[in-house]
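Visitor: Now for the letters of each chain:
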Amino acid sequence: MNAIECHRLTRHFDRLVAVADLDLAIPAGTIFGFLGPNGAGKTTTVRMLCALIAPSSGTARVAGFDVQTQAAAVRAVTGILTETPGLYDTLSALENLTFFARLYGLSATQAAERAAHYLRLFELWERRNDPVGGFSKGMRQKLAIARALLHDPAVVFLDEPTAGLDPAAARAVRDVIKTLRAGGRTIFLTTHNLAEADELCDLIGVFRTRLISLDTPANLRARLFGQSVRVVLAGPAAPLAPLVQQLPFVSGVDAEERVLLVRLANPDQHNPALVRALVAAGADVCYLEPFTPSLETVYLELMQEAVTVDSAS
Amino acid sequence: MLHWDRITVLIRKEWLELRRSRGLLLSTFVPPLILPLFALGLIFAMGLVSDPDTAEIPAAAIDPALAGLGLEALAQVIFGRQFSTLFLLLPMVIPNVLASYSIVGEKNRRTLEPLLAAPISVGDLLLGKVLAAIIPGIALTWLCALLFAAGLGFVAIDPVVPGLVLHPGWIVMLLLASPLLALIAVALTVMVSARVNDPRSAQQIAGVLIVPVMLLFFGQMLGLFVLDPAVALLFSLVLALVAVGLLWLATQAFQREKILTRWR
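First to last, the protein sequences are chains A and B. With UniProt numbering, the residue at position 24 of the first sequence is 24, and numbering never jumps. With UniProt numbering, the residue at position 20 of the second sequence is 20, and numbering never jumps.
None of these hints come from the bench; they were simulated from the model. Since this is a predicted model, take the numbers as computed values, not measurements. Ideal placement from N, C-alpha and C gives every residue a C-beta, glycine not left out. Mixed in with the good hints there might be a few duds.
Said to hold, decoys possible - Pairwise CB distance ranges (calculated): (1) B:L26 x A:G184: 15 to 21 Å; (2) B:E257 x A:Y287: 54 to 60 Å; (3) B:Q252 x A:D175: 44 to 50 Å; (4) B:L2 x A:T216: 44 to 50 Å.
To be verified - Sample of chain B residues facing chain A (criterion: CB under 10 Å; computed from the structure): (5) P114; (6) A117; (7) R195; (8) R256; (9) L260.
Unchecked claim - Selected chain B positions facing chain A (in silico; Cβ < 8 Å): (10) V9; (11) I11; (12) S21; (13) T111; (14) A118; (15) D198; (16) R200.
Modelling step: build the complete structure from the supplied sequences, incorporating the hints.
Guide: Pasting the structure below:
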């Protein structure tokens with residue numbers, strides 16, 4: 001079953017198209033990474049999926065509920081961490097959480113229990129009675145995440161959940177996100193931290209007003225870069241690039257300083273021939289290793305392609 | 001359908017925030033308590049001076065109930081009535097201040113989006129905010145009026161003065177017009193809140209609210225009318241129509257989509 005489904009979801013603001021024809025199908029229990037530059041329409045998408053604003057056209061269902069006709073139900077089964085924590089500074093951590101828990105329909109007892117659970121989980125229990133105004137950015141962020149989880153939502157929207165957190169706190173948040181997935185929840189993660197997205201996400205959507213690509217991180221890498229090897233030489237790599245490019249099993253090559261990045265169909269089969277060709281050309285090969293491009297590399301490549309396509313059209 | 005459990009939770013939160021904001025609490029609730037003391041002091045002073053011109057004041061001339069009063073008592077009644085009208089400013093000023101801090105404050109602190117993401121209807125949300133602002137305003141108005149009424153017996157130079165100052169028209173205004181003026185104040189504040197980023201700006205723009213009370217104040221003083229129960233009821237009816245219209249406009253401004261995409 002899909003936790004989130006969109007069909008040609010579109011949103012205009014007057015003449016500005018913020019989101020165009022978005023099609024998504026995100027299975028339940030998935031961590032979905034929604035990546036895109038600032039101003040790409042990510043926040044607008046999240047707001048439509050949380051039934052906060054209406055689409056101009058198209059449809060969307062979250063946890064089985066239509067965002068337009070069943071907006072209240074959508075809001076009841078979703079949790080959201082907004083761009084800014086949005087906490088009440090004069091209220092304590094406990095008061096902030098119990099207020100929202102009650103607003104989500106929990107009884108006073110349930111609200112107190114859930115608040116205590118998440119305050120302990122995020123190591124804020126000792127500060128539970130302190131006004132939030134005195135909290136650090138990281139503590140506020142953790143409290144805002146706790147608020148998003150209080151009512152046990154089926155789908156959680158997290159906008160930059162680890163922004164401003166120290167490494168240990170960020171690790172704790174990532175662990176919580178993994179735990180949520182293990183519990184069957186669906187996480188819609190908006191982030192600029194691509195290493196984090198790479199670590200956490202089962203599916204990645206690269207987005208700039210329209211969806212540029214939607215796939216698993218491994219498939220995105222394979223689609224863009226195929227199988228690649230990184231050849232480290234003793235001398236400059238650039239003069240050898242044309243020679244390597246001519247080899248029949250090589251589909252692409254990039255040279256940078258002493259490194260050749262070679263795309264080939266089957267590294268196990270073709271690496272020996274590649275090394276022989278380089279040595280025959282007089283190159284000193286230091287070593288050779290499989291190359292896995294970072295998600296950042298994949299993202300930048302996809303963005304570049306999108307910009308090229310947009311410019312051409 | 002209204003969800004009173006959620007509305008109550010919201011009101012409690014609003015009042016908890018108010019209790020924690022000492023500066024706002026003191027600056028909003030202490031000055032109104034000075035009004036009855038100031039009014040009583042002035043009425044007491046009026047009873048000490050005998051001025052023949054008092055009988056020439058238009059307000060004295062048009063009300064037959066004031067005929068036969070001594071000059072000092074007449075002065076007390078006229079000034080008492082004028083000041084009693086000013087109590088109607090309180091149900092506007094206090095809710096206006098509270099609502100502007102509540103709504104513009106939430107907008108500034110960017111706490112509105114998590115609130116709007118919760119499964120609470122904007123009707124419940126707006127009602128919670130309105131009630132949280134007007135209940136303290138009306139309660140304080142009535143408390144001040146009670147203090148004024150209780151103190152009047154002590155400062156009156158003639159036993160008939162309290163009955164003439166605290167006349168039925170004033171009581172109708174206090175019970176009927178006060179809540180309506182408070183509603184108007186909050187509705188206007190909600191509408192203004194969409195356009196401003198500072199609670200004080202919202203309060204200043206909503207300053208237009210004092211116009212109806214000033215009309216009453218000067219209308220009485222100039223002898224244009226006597227605020228008897230019929231005038232008070234008519235005035236309340238006009239206020240009710242204005243309140244309904246402004247509340248409808250406020251609900252149009254206070255929509256999830258508009259708050260998130262249009263409020264600046």
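Visitor: Now look at each hint and say whether the structure bears it out.
Guide: These are the hints, each one checked on the structure:
no.	hint	result
1	B:L26 x A:G184: 15 to 21 Å	violated (51 Å)
2	B:E257 x A:Y287: 54 to 60 Å	holds (58 Å)
3	B:Q252 x A:D175: 44 to 50 Å	holds (45 Å)
4	B:L2 x A:T216: 44 to 50 Å	holds (47 Å)
5	P114	holds (5 Å)
6	A117	holds (5 Å)
7	R195	violated (18 Å)
8	R256	holds (6 Å)
9	L260	holds (6 Å)
10	V9	holds (4 Å)
11	I11	violated (11 Å)
12	S21	holds (6 Å)
13	T111	holds (4 Å)
14	A118	holds (5 Å)
15	D198	violated (17 Å)
16	R200	violated (19 Å)
Going through the hint list in order, the structure does not satisfy hints 1, 7, 11, 15, 16.
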